[in-house]
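Enquirer: Modelling step: build the complete structure from the supplied sequences, incorporating the hints.
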Amino acid sequence: MKIAMIGQDIPVLLPTLLTDLLFAGKEGNAEIAAEEGNPAMREVLQGYGDAVIRHAGIGGKLVVSGDRKEVLSGADCVIYAGDPQAASRFFMDRNALGSDDEDNPGLTDQARVNGGIGGLMHALRAGQAVLRLCDDMAEACPETLVINLGQPMARTCAMFLDRGFRCLGLGRTPMKGANGAETYGKRLQIKPENLRVTTAGLPGFAFLTEIRDGKADLMPKLKKAAERGELGSLSQRWLGWWDAIPAGDVTDHAEFLPAQPDYIPEEKPEFGESVERRKERILYMNTVREQGAEAREGAMAQLLLLSKAPPIRPMRLALAVLRKETAEIPAVTRRNGKEMPQLPEDAVIETPLRLQEGREVPAGIRIPEALADVMTEIDETNRLAAKAAEGDGSALRECVETDPALGGLDRLYCMDVVKALMELHELGGDREEAPGEN
Numbered sequence: 125m126k127i128a129m130i131g132q133d134i135p136v137l138l139p140t141l142l143t144d145l146l147f148a149g150k151e152g153n154a155e156i157a158a159e160e161g162n163p164a165m166r167e168v169l170q171g172y173g174d175a176v177i178r179h180a181g182i183g184g185k186l187v188v189s190g191d192r193k194e195v196l197s198g199a200d201c202v203i204y205a206g207d208p209q210a211a212s213r214f215f216m217d218r219n220a221l222g223s224d225d226e227d228n229p230g231l232t233d234q235a236r237v238n239g240g241i242g243g244l245m246h247a248l249r250a251g252q253a254v255l256r257l258c259d260d261m262a263e264a265c266p267e268t269l270v271i272n273l274g275q276p277m278a279r280t281c282a283m284f285l286d287r288g289f290r291c292l293g294l295g296r297t298p299m300k301g302a303n304g305a306e307t308y309g310k311r312l313q314i315k316p317e318n319l320r321v322t323t324a325g326l327p328g329f330a331f332l333t334e335i336r337d338g339k340a341d342l343m344p345k346l347k348k349a350a351e352r353g354e355l356g357s358l359s360q361r362w363l364g365w366w367d368a369i370p371a372g373d374v375t376d377h378a379e380f381l382p383a384q385p386d387y388i389p390e391e392k393p394e395f396g397e398s399v400e401r402r403k404e405r406i407l408y409m410n411t412v413r414e415q416g417a418e419a420r421e422g423a424m425a426q427l428l429l430l431s432k433a434p435p436i437r438p439m440r441l442a443l444a445v446l447r448k449e450t451a452e453i454p455a456v457t458r459r460n461g462k463e464m465p466q467l468p469e470d471a472v473i474e475t476p477l478r479l480q481e482g483r484e485v486p487a488g489i490r491i492p493e494a495l496a497d498v499m500t501e502i503d504e505t506n507r508l509a510a511k512a513a514e515g516d517g518s519a520l521r522e523c524v525e526t527d528p529a530l531g532g533l534d535r536l537y538c539m540d541v542v543k544a545l546m547e548l549h550e551l552g553g554d555r556e557e558a559p560g561e562n
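Counting with this note's numbering, you get residues 125 to 562 for the letters of the sequence shown.
Everything labelled a hint here was simulated from the structure, so no lab data went into it. Treat the hints loosely; a few may be bogus.
[Said to hold, decoys possible] Straight-line alpha carbon distances no greater than 25 Å define the calculated BS3-like cross-link-like pairs of lysine-lysine that follow:
#1 Lys392 with Lys348
#2 Lys126 with Lys448
#3 Lys310 with Lys347
#4 Lys315 with Lys392
#5 Lys448 with Lys392
#6 Lys448 with Lys403
#7 Lys392 with Lys432
#8 Lys392 with Lys347
#9 Lys392 with Lys403
#10 Lys347 with Lys403
#11 Lys300 with Lys310
[Unchecked claim] Using C-beta positions, here's what the derived DEER-type ranges look like:
#12 Asp191 with Ala302: 41 to 49 Å
#13 Ala262 with His549: 24 to 32 Å
#14 Pro393 with Lys193: 12 to 20 Å
#15 Thr450 with Asp470: 41 to 49 Å
#16 Pro385 with Met343: 21 to 29 Å
#17 Lys185 with Arg352: 53 to 61 Å
#18 Ala211 with Lys339: 22 to 30 Å
#19 Asp386 with Gly152: 50 to 58 Å
Idealized CB from N, CA, C, for every residue including glycine.
Expert: Dropping the structure here:
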């Protein structure tokens, strides 16, 4: 089994990737290949990985290389953790969308990370990296499984799917956060071992379909709390609209909807690892590399690395699929099929992935009809944005014309703004019209 790792966030994820592969997964015959362009960082990652593999004592091999062809060649699975969205690009968008005129603030509300005009620009930038990777995989490992961690999640997954790859995604989990399923469980005083939760929807736009304390259904109790405004004004409003409770960060949900008076997009969202956190991580990795993962100092450094790792566990998902296991993994992005019958079969959804000896078993999850209608609109926008990133000019225009996040705005003006931003970021300007387009 060969697993290739691509993207600037791989060093951050490497501790959990190796732990899940070697210690939890006991996969000693794996070859792990990671792409890293910086020679000094290659040395750090290689030494760190070798120390962890030595400590596991069951075999395995890590190769850290700047040669993408070497990394990808013959890979059974590619874990992609790249995102070309930089803070500088986001702020360029925000400045261009804003205005100093108090009576005309411009479109500052559309400076979003994954939805609206900002989300479309994010998808166009992501497309440049994803499509290059698709070309490379088509040559080096055409049958590979892709585990995508790149944002915008629905749109980058759609790009991989459009290019014919089997793709599963893991984004910001709806289990965590102030409105996460686990937080709801604590609010309802459900013991973690008794918490039974199902979330369903789209990446960044998922809702609870059940929450139980063992067999007891606590959804009515949670809805009453939402009605009283105890879960926040957005949750209260959406319950009235759709009879549903959001799961995860509600600011993610709001990005895909028209401007709302009590929603303010993040002014300084985080993109990637901070400089301080990066220095700290390198220090810990070098400690493991020099002291060994079994030594006291090395073991402590390894624990600190694991404690600061993101909650997503892509290696567990990869092993479950590649080893044809029977498992249930929460919040996996993929093509719908028959999982959510109210949405199109080619929709890009996020629900628990149920595997029976490696084969997906659709659950047929149903949601309120009004919510299904909204999700269908957002999914269509996501897939149009992906096609726009692939160079389809008609899809770009249709995306702007149909995006529910632009509700109430002049769509022709929004299209002019998008074109101006594309020129600002040198994203191709006016793309060629698709055949048959006026």
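Enquirer: Which of the stated hints cannot be reconciled with the structure, identified by number in ascending sequence?
Expert: Per hint list: 1, 4, 5, 6, 8, 10, 14, 15 and 18 violated.
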